[in-house]
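Let the hints inform the model, and build the full structure from the sequences given.
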Amino acid sequence: VEPERLLLIFRTRHRSAIGLALGLAVASGCGKARSSASPGPEAGRGAATSGAGGTAGSGAGSGGSGADLRAVAAPLDGFVFKAPCGSVVSERLCETSTERPYPRDNDPTLVGAKLVDTSVTLGGETTALYDVTLAVEGIVEGKNYTGGEDQSQAGDLPADGFYVGGRPGGGNAASVYLLRVSDPPGDYFLNSLATDADARLRRSVFPVKYTATLRAKGGATVRLVLTDPNAHAVRNCADPDETGCAPVSHEFMDAKLRSAAGLDAEPFDGQVLGLVVTNVERAAP
Amino acid sequence: MRAAIAAGLLAFVTVANPRGARADAVSGPALVAWVPTYNQEEGAPRHGAGCLNVPLHMPVVRRDHCHAPALETLEPGLYRVKILNGAPFPPLADDSGHAVFVATVGSSAHCFEQETSDDTHDLTAVVRCVSADTGENVDTFFSWTYRADSTNFPQDTPYVENFAYAKVGPDGSVDTAASFNPMNLHADDVLAERNDRGEYSVVFRDLNPGDAMLDAALAPYNVIVQKTCALDLDGGAEPNGCFRTECRVRAWSPGTFEQRDTIVSVTCSDAEGNPRDTAFRVFFGQEAFTSQGSWEGGFRYGWLDFDYPPGETGCLEGDELAATSQHETPLTFYLGFPMRACREDLGRYRVDFIHDAFSPYTIDGPNFALTAVGAAPGYCNVTSAECANTSLCGTPEGPDFTRLKLSCFDAKGESADTPWNLNVSY
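Which chain is which? The protein sequence lines are A and B, in order. In case it helps, the numbering used here puts the first sequence at residues 1 to 285. In case it helps, the numbering used here puts the second sequence at residues 1 to 426.
Source of the hints: derived by calculation from the structure; they are not laboratory data. Incorrect hints may have been included.
So, partial list: chain A residues that the calculated Cβ filter (under 10 Å) puts toward chain B [what the hints assert, rightly or not]:
no., residue
1, V89
2, R104
3, G170
4, L201
Every residue gets a Cβ at the ideal spot worked out from N, C-alpha and C, and that includes glycine.
See the structure below:
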């Protein structure tokens, strides 16, 4: 595990004792932690770049106020992944793409129909590292991931689906929600909904609401991907996975995200997951 | 164009396999091996037996190539296949399996799996061929194929959840070590039941287009069933023994968006046509038994499900024929290259791969698995395999297409019409 990854693990809400110890060791070894409120021009405004799908973040920010570094991650603020249902193929399933054959990819993380594939560029000082804290909210199906670190396997709902590093696991064709940071390179998955006792892999969506922190250099790009390996996804059907389809209410979601996703304007069948930037701090290099 | 495709493939395989080019082999997540004994005459390109794996992706104690299968004739009609470093993968959390299929080529004999065993490193398989009418051992040609799977040890590419297979005992019990369903939505993802004497149902849970990677447009996919006589040697070649027993697909119901599980019904009958409790293997998939190709679509396979009115002569193709075939197929050929299958005479059939891109590199390149389908006792064999006259392995007097001929028989070995399913890879 790389030192930077350890720091990320350290910052997760359900930190382990080992992660805590290693994180402290790395941090103390560096000994150069800087104030997150340090003034200066590094908190420049980020920018959205080309891509497909999704609802772009606000891009708003103070443009350099030391009091609020959130402008560094402004392009992520208010971003919404949407997987709207196309044709309904069964009571709890719908088609999300008509692309055939199912797209393959040299990168196993990116296999499938890209329902969202957008890159944004963060602001900030290009030599600085930032810890970007996000509130992640929405209604999604679960996916299994492997080779990385799950932030939480608690069974509470709304669920915590944050998974750091690794890759999508096999054994199903559930959708992958991904944030891919260019520098330092890292993958962050958003719908790892498993609990200790339940993989939550079935024809149900679950409400999610959690806080996640990713690390990025100023000027790094973040690729936001929602890919569906078999072009079919779970409709907005609450657990349990039984006959019928009772939708999950979107009311618990942040008003800004509901608005960005258009959830208040008209009925929406499908999955949705939004990001709100709640904090940005400079990280120790 | 084909030369360019072949050159590109050759380059890819050379990189993937430091031992040299294997332009006529498939690649995928499974360890695969094959032994064709047919079409071994001099004068045309042959590749013989082979085994494919990726040493780096093998278990730590087995990080070497699997060796080409060594075929030994023990006595007339009895053969042993040995593959060094070809054993199944270690069973970890029921995520591994292995399977063997044998197709008789050029006669009405029964060739079948008599034994498949291993010492955790090497694989040993015994194939027996017997006369359909007397049960005596007979030398005949055959095609033997083998795959070993483990989601812990994918070889060339990750698993695509569009297939499964099982080995079922005479009592309907599932041999979990020899069964494999890549789905992980349920702990028990392969189920089987003995419904009556010689009657079974096999369930592959969650194998459907909504939860798995099956493409609904390719339904009903391909199902192959074959008996195995491993641990069932007592009756031998007697009319009610295993040697002349045949197991077939009575019917199958692939998973759909509504029906989540794939269900295969199997019937086994002895040489008198009577139901007989018998162990069997079953493969279900969207691709071929040993396909699952590379990132760029390096598939070379075909399958078809043929059902034509008995006694009538004619062909099926297009929408009338559930079939697909590929040879690194471009997207413009989504759903695969066109195929044609014809009934030519009583129990005699012809299969044409009617796109010239479907082209084995060698005259013994294709390996087969096939099964009779339906309630009537019977079985099917490959009669012949020919390359197209324009292909690398063809001759001017050859057919215009890659062509297979099949023969089907009743329980006593007499020619008979029956529906059948064919699966071929190269």
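* Which numbered conditions among the earlier hints are violated in the structure presented, ordered from lowest to highest? -> Every hint satisfied by this model.
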